[in-house]
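These protein sequences, in sequence, are chains A and B.
Heads up: the first sequence begins at 1 in this note's numbering, then just goes up one per residue.
Heads up: the second sequence begins at 1001 in this note's numbering, then just goes up one per residue.
There could be a bad hint or two in this list.
To be verified - Cβ-Cβ distance ranges computed for the label pairs, FRET-style:
#1 A:I301 to B:R1033: 16 to 22 Å
#2 A:I301 to B:V1079: 26 to 32 Å
#3 B:L1283 to A:Q201: 20 to 26 Å
#4 B:L1283 to A:R223: 38 to 44 Å
#5 A:R174 to B:E1087: 54 to 60 Å
#6 B:P1074 to A:L44: 29 to 35 Å
#7 B:P1212 to A:I161: 51 to 57 Å
#8 A:A178 to B:G1127: 57 to 63 Å
#9 A:M207 to B:T1032: 36 to 42 Å
#10 A:E77 to B:P1074: 35 to 41 Å
#11 B:G1158 to A:I301: 25 to 31 Å
#12 A:A74 to B:P1074: 45 to 51 Å
Keep in mind the hints are simulated off the structure, nothing from the lab.
All figures in this text were calculated on a predicted structure; none of them were measured in a lab.
Where a beta carbon is used, it is the ideal one built from N, C-alpha and C, also for glycine.
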Amino acid sequence: MTSTSVAPAPPTVAAPVHRRRLRANGRRTMTAWLFLLPALIILLAFTLYPMGQAVYLSLTDYNLIRSAEWVGLANYEELMQDPAFWNAFGNTVLYALVVTPVTVVFALLFALMLNQRFAGRAFSRTAIFLPFIVSLGIIAIAWAFLLDPNIGLLSYWLSLIGIAPEQGWLTDPRYAMAAVMIVGVWKNVGFYMVIYLAGLQSIPVDMYEAARLDGAGPWQRFRSITLPLLSNQTLLVSVLALIATLQAFDQIWVMTRGGPFFRTETLVMLIYREGFQELRFGYASAISFVLLVFVFILSMIQFGFLRRKQVTY
Amino acid sequence: MSAPTVTRSRDAAPRTSSKPRRSATGRKSHATRWLLAITSIFTGLVVLLPIIWMVFTAFKPEADIVTYPPTLWPRELTVEHFVEVWERIPFARLYLNTIIFAGGVTLISLLFDSMAAYALARIPFKGRGIVFVLILLLLMLPFQVTLIPLYDMLSGMGLTNTLPGLIIPRMTNAFGIFFLTQFFLSLPKDLEEAARMDGASEWRIYWGIIMPLARPALLTLGLFHFQYNWNDLLWPLVMSSSVETSTLPAGLALFMGQHVVEYGLLMAGSLLALLPVVIFFLLIQRSFVAGIATTGLK
């Protein structure tokens, strides 16, 4: 693309080839960096630098108006004793521990079902995938209405079969978390299903034929062929699902604003509340940093654990 | 897979499953197939319930919406909410903001992501390893961690409450670079050799040879970028303090916070807000599945 080299006369006979290759390498490296330049500038300026800045801010007292004041580890010390932090931390862990496996299992079940051929398959695939592409911030408004204790259609239907929390789904401390969890699963299950479908289609059919000839039943075929050959997809899906659940915000903010009694407040909601509502940027940065470490450690553990069980074919 | 099956499936209507017909359904009884169809259609309808309900509610008169017991089917149809929504909420403004934000981010980041991915996948150069590790590390970083410094930085530049402020930090994306790098790596190596021998520039090879081949991957990533930014709630919520400078999800959520009672209006607005992403998806649906199946997401 752009080359600035003007060839100087080669001094010896043996050198030119070598030098020409060097020059070609240099030009290629130069071109590669030019291709990378726009992306790298933006990533460095708007992701890497703010990340370092987040670590620095977490060691300060800062409210955007007066300049940051160095406080050392005070924010982290406060964090350790803050019931609001532990509450949000607990809620985040609970949310992730329930939503991740439920989503992965349902994604696999739906993929297995929709990998068969029958009338209406295309409709179901699209229907189950659709929640993934619609805005949770918008569709959560519909969910909130559906679950409204007075006029909500879903509340009414559920009350007909005898399930009706007295104070309404989103305002009863015992059920609010379950309600936002269901919406969390509902939102992402279709996307992970598509990844599983792609995986299912790459399994050679001969393997099933051979297993059938050996007398393996459907469950055995599933256990010894399908599941191991889908381990790549399972790794990917569970890491993606876990990371997504740790960052839950949209539907919770719209449906409950973290209530009732902070029962559904997650770490990201706490970051938003402390940072942008209470204007405690230093403290909120400390929470973000804890979230970062948490996401990092969990992805690493999960990666290592699943990697060992992975099968390549 | 045996040869005759391949020929048959190529002749038949396009289908997504690569399994031969015989083993997929041949041995299944009619009863099983009916059961499967009914279960899956029922599942699909249950999943779609909030969206279906939203559609019906948007066409119900307000009095019908608050009647007890609630019904799914409207007793009476009206389009007044669709008319009213443009006047009551700065809806056109929100719509335009969201189109510029999501559309702009999608186009610019597809360009920058693919350029970076081309360098990483097709040009052997010094420092490639380091850049790739950096991308992988950034991939794991939760966006929320950078939220506060990013806001601080853009506020210092006077870019809060503006569209450029929303767009600029999103002009490239570690996931996009990773996704396209994986796809570009899967293309055969000798593809551009001839062109390179003929002295074509790297830009010509990237733009003229690699990019046209990457269409399914670009469309898939385009859908990801578009839906992610169209739908994003937290970022616009942080970056804009008023409904006028916000995007649809944040604007509608803020509106709901202020006037909780007008359900029909909100549902009409929500429905109009969901429409572009759904249309985008339905248009590229076929490429989308191909894009997932052939790229790094396996």
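Query raised in the report: Where does the structure disagree with the numbered hints, that is, which hint numbers, in rising order?
Result: 1, 2, 5, 6, 8, 9, 10, 11, 12
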